[in-house]
Each structure stands twice: as C-alpha cells, then as structure tokens.
Amino acid sequence: LQFDLKSLKYEYPDEALKLARTPAEELRHLAAIGARWRYPRGVPQKVLDQIEHELAIIRTLQYEPYFLTVHRIVLAARKMRILCQGRGSAANSTVCYCLGITEVDPEITGLLFERFISPERDEPPDIDIDFEHERRDEIINWIYQEYGRDNAAIAATVITYRARSAAREVGKAFGLSDDAVSALSGSVWGYSSSDLGEREAAAAGLAATDATTANVLAFASELMGFPRHLSQHVGGFVLTRGRIDETVPILNTGAKGRTIVEWDKDDLDELKILKIDILALGMLSCLRRGFDLIKKHYGEAYTLATLPKEPPDGPTWKMTHRADTLGVFQIESRAQMTMLPKLKPNAFYDLVIEVAIVRPGPIQGDMVHPYLKRRMGLEKPVYESPELYEVLKRTLGVPLFQEQAMQIAIVAAGFTPGEADQLRRAMATFKRSGKLSTFRQKMIDGMVARDYTREFAERCFRQIEGFGEYGFPESHAASFALLVYASCWMKCHYPDVFAAALINAQPMGFYAPAQIVRDVRDHGIEVRAVDVNRSNWDCTLEEAPFDPAQLQRRHREMQDAIRSKHAVRLGFRQVKGLSEAEMARLVSIRAETGAYDSVRDLWLRSGLDRGAMERLADADAFAGLGLSRRDALWAAQALDTKGAAERLPLFESAAAQDLQKEPDAALPPMPM
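Numbering (my numbering), first residue to last: 1 to 672.
Note that these hints are calculated values from the structure, not bench results.
Treat the hints loosely; a few may be bogus.
Label pairs and their in silico Cβ distance ranges [unchecked claim]:
| hint | residue 1 | residue 2 | range |
| --- | --- | --- | --- |
| 1 | Pro312 | Pro360 | 26 to 34 angstroms |
| 2 | Gly205 | Gln441 | 36 to 44 angstroms |
| 3 | Ser579 | Asp313 | 41 to 49 angstroms |
| 4 | Arg258 | Arg81 | 20 to 28 angstroms |
| 5 | Thr22 | Lys172 | 54 to 62 angstroms |
| 6 | Thr157 | Arg36 | 35 to 43 angstroms |
| 7 | Arg81 | Ala449 | 56 to 64 angstroms |
Backbone N, C-alpha and C fix where the C-beta goes; we use that ideal spot for every residue, glycine too.
Build out the structure end to end from the sequences listed, making use of the hints.
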C-alpha cells in the first residue's frame, strides 16, 4: 500500500448546494448589497473597482465558498446578537468589509488586498474572527450543529519540549532524584530556547563534570523543540465537504460532540486546507453591552462602523493625550499610558501605530525612540532610497509592521514575493523554529549589492529580527485600533455606560472592578452600592444628574463632552460567593411580589440559604432597608435553616434538651 500526501484531495463545503445561484454569483450579489449598506450615500467608483478586482482574484482561486461560509457564521452571530469583528489580513479586503466580516474600511487605512490573497503567494486565505469572550461557545456549537461533527473539527497545536520540561523528563530517565530534577528544572527562568548548561547545573547544586549530569544536560538540550503532545488550537476550524475523517486524522476531545484534527495550522496550510479561526475577545463583550445600554437609556444606536469620527484634538483624542485610558482596549497598560502623551494620537492611523509600537518587537528592534523623535520634530525622517520612501513614509522612515519588513526585503534586497512570504513566516515562528537567521546573509548581501551600506543593511535585519518578538501586522493593528477608538469614545462621552459594561464583562483587561469604580467616580459619576431591592445580577444605570463638581481636576476639560445622566448601580455579580441562579430567583420574585421589607422577608420569599443571606449582609446590601451591615448580619445569622422560627445563637444553649439538672452537692459545714 502506497500513500502520498500529494494524492490527498481536500474539498471545501459547497455552499452552492443551499443556494439558487452559483457561489461566484452569490458572493457578487452579497458584496453588492453590502456595498450599498456600507456606503449609504453612494458607493464610490474606486470602491466598486476594488470590489471587482478582489472578486476576480477570488474567482480565479475558487475561494467563493470560503467567503460565503465566513459570511454565514458572522450572520448567525448577528442573529444571536453576538458582537464580532474579523481581524488580521482579512482587514485588507473590501469584500470582507462589505460582507460585514470586518469593520475597518480598507479605503481609509490604505491596506492592500494582495497582502490577504494573492495568486503569486499560492496560500489559502486565513480569516480570524473575534467574538464576545462569554459567548464564543455558542458560535462553536452553531458550527457543529450546522455542518455536523462528521464535517467539522478544530485544528491541533503541537506542544514541544522546552528547557524545563526537557530537563524534568531526561532527569527522571537518568535516575536523578526528585529533588535534583526539581532543582534543575527550576533553575531555568521563563520561556527558554537556549541549551541547558553548566550555569543551570550549578544553580541546581549539580556538578557539570559528573557523567550523569553531563548526559542529562546533553540529551535535554537535544530534546528541546521536539513534540511532546497535542493540544487544541485556540479556535481554528476545519470544514470539509465529505467526511472529515476521510481527509485528515481526527481525535475525540473531552468535550461531548467535539473533534480535533491531529494536524496543526502549519500542516493544514502546507496541504492548502482552509480553516476559520473562531476567537474570543473580552472588549467585544464590553462594547456590545455598552451599545445596548446607550440605546436603552439614551436612545442612540451605534455600531463599530457608525461611531462618530472626531476631528483632531476632539475630546476623545485629548483624553488619550492625558493617558486617561484605564479600561480602554490595548492602551490601558502602564507602558501604553507612558507612550500616549508623547505620541498624542489625533487620527485613526495614529492609533494603529500606538497599538503596534508598544510591543517587544519594535522595542527590541530600536524603533520606538527614532519614531517618537521624528514625530515630535526633533529629528528629520531619513529615507535611504525612493523605494524605501514609498514603503516607510507613513511611519516616518521607521519599519513598525511586518508588511513593511516584507516590502523592504523585496525592494531593497531583491527578494521575490515568495521569499518575502517565507521571511514573514519565519518572523511569525521565530521562537519555535529559529529559521529567521537563515535569511540574514541573503538580505544583507542583497542590500549591499543594491548600493545600501552594510551598516544600514545590518540595522534593517536587526529590526526584522525584532518582529520575531511579537511584532504586529498592519492589518491586525488596524482592526485592534478600531476597538481602541470605540472603547475610548464610549469612556469619553458615556463614562457611566462604559464603567457598567466593563464591570459586567469581567474578567478581562488589566484592572479589577474596584479600580474601575474609583476611576468612574473620578469622572463625576455616582456609583451606588449593591441593594437587595434595586440591584440585578449585572450593573445597571439609574437616573441621576451629572455633577461637574465631582470631576477630578485632571478631567475638568472633558466636562462638556460627557453626556452621562445616570449613576451606576453595582450588581450582585460583585458580591463574592453569590450564584447567578440564586440572584435571578431573588430578582424574579421581587419583580412579581414587590420589594423586600426585611432580612427575614427576603429569606422567606426567595428561599436563599443562610450563607447567601450572610454574604448579602456582608456586602451591605440591606442598607436600603435602614439596616447597618452589623445589624443585617446579626439578623441573617439568626435565621433558622429548618423552619420559620428565628434563631438566636447566643441563647441556643439555654433551650437545649440534653441538659440535666445538676444534683445538690453535700458540702461540709462551714467552721465558725
């Protein structure tokens, strides 16, 4: 029996079986409808031409069913009221924008479609879609129900040996004691791809000259990078027309009704097997809740694509200049807050740069300070050639994105598009494969041959090496920048809405609910405590006039921009130990039979156990009934779990049935 992977024939699900039109006709029809939706004032001729250009490439490569599938998934999410957004290289596509897959208009960002799909690259498209982190499982279940378990599975990821795990396994095999194995593996700090050596052995108290220790170090070094076991990919779905087990090897998972493909994404790409990444993002949960609250309490309907675009130095931009970004997507870390007053974003593309520049790649590639100096006018941009000017003009001569690194390799070093794509892949897998260094000599020699100095060529390659340490593609940064703007705009104009939505979307982000509460109070918004007669499970909004006097001094200039007219009422989710089901029952009974008038009344009507009652009392949730925390806790502890009688713990022993009368003691007569 002979088998060759070249004989493997993969067929994507034929969406045309469910349609009256061919896939190409259906995609063109949907793109036309979407274009009118995206451009209600008329579709510009340039956009129409771009759509035709993209459809022609898609038809040549026969990828129409793939786009139709992604569109169906996004449409299903919208029907379930799940906020989603495509990101990555799909943001380069006007067709994806018109289909509602992405929310960033490539016409505005200037992103090129060929960086997403190109006949020269001979690479299948890869669309990543972010969904609300709390509801991603609903989409995964929908895919399994729609396509069936026989035709859908999630890709695997290969977990390889690192220094710690290699030291542990080899140490055991050579008979080292548990203490010695723990000491040796513990001597490795963090993620390490370097060989184990004498330094780690000495830190573990082992002599590197010992034969056993030397063997352990040698074999562990060889084992690093070798596959250890398979795990589930974060969300890469593979869909097939026929049975999936006739195309790829599969593995059952612990989750009922789900299957894993035993190949990772690199294997699937090599065999031209299409996958769709179904990912989760906490900020989408926050923004969807925020849009719902704005519509409910302020009567305004917004989406990611219809948010008002503010002019330079508008209140939203000024808020970023002050680094007032606690809770804002991607720019809430201390490093980003330090960068914002220096970069001073005033346009959408500035946010694209802000997202990308505070990353290990640009920092280690020495790209941050040169860019800032040029942006602040302290240094003039320098372009070594007209070709590099075209590549780097938007980033002032500093390469900040992976796409720019690829373009530099093509125009300055003579790489073919295929070689540049291999360079991109090497950047993406730098830590795992270490293949990036193989391009060093070719790139430096190519640049020197084209009259660039060796010093400049070596500096360019060092910057490209920096992208191996988590550099960002421009399209990815553009998708994230939209969420940055949306969350920043909401925080600026509706701080009450943003705080409530952000707390309700926890856990996510950098900050705890207590810090979010402190921040929204600094913005002049009243925050009201948990209350048994007013709170729901989630935080809610209650009418309350905005008082500018409560604004912290550093936020006074945004007084006119704030439209908030509500206070934030904290929800029961903020009380540790309470279950959502119990609180749903409490709220439902309150709505049906009226407000609770005492601790005992709530207990009798809701059926909560005494533990839940005590937790509510600890949270001061009975303050609205005129009870202090201490009085409410005492009343909760007095409740009898077996009946309706009150229990007074201090006097329980007096009513005990097992007590016996103490007999009179015979005392000797007292001497006179």
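Now the hints, each set against the structure:
1. Between proline 312 and proline 360 the beta carbons are some 30 angstroms apart, a value that agrees with the proposed interval 26 to 34 angstroms.
2. In this structure the hint that glycine 205 and glutamine 441 lie 36 to 44 angstroms apart at CB holds, the actual value being about 42 angstroms.
3. For serine 579 and aspartate 313, the Cβ-Cβ distance of about 48 angstroms falls inside the hinted range of 41 to 49 angstroms, so the restraint holds.
4. A hinted range of 20 to 28 angstroms for the beta carbons of arginine 258 and arginine 81 is consistent with their spacing of about 24 angstroms.
5. Range check, threonine 22 to lysine 172: Cβ separation about 60 angstroms, and the 54 to 62 angstroms hint holds.
6. Separation of threonine 157 from arginine 36 is about 41 angstroms and conforms to the stated range, judged on CB atoms against 35 to 43 angstroms.
7. Separated by about 58 angstroms at the C-beta atoms, arginine 81 and alanine 449 satisfy the suggested range of 56 to 64 angstroms.
Consistency note: the structure conflicts with none of the earlier hints.
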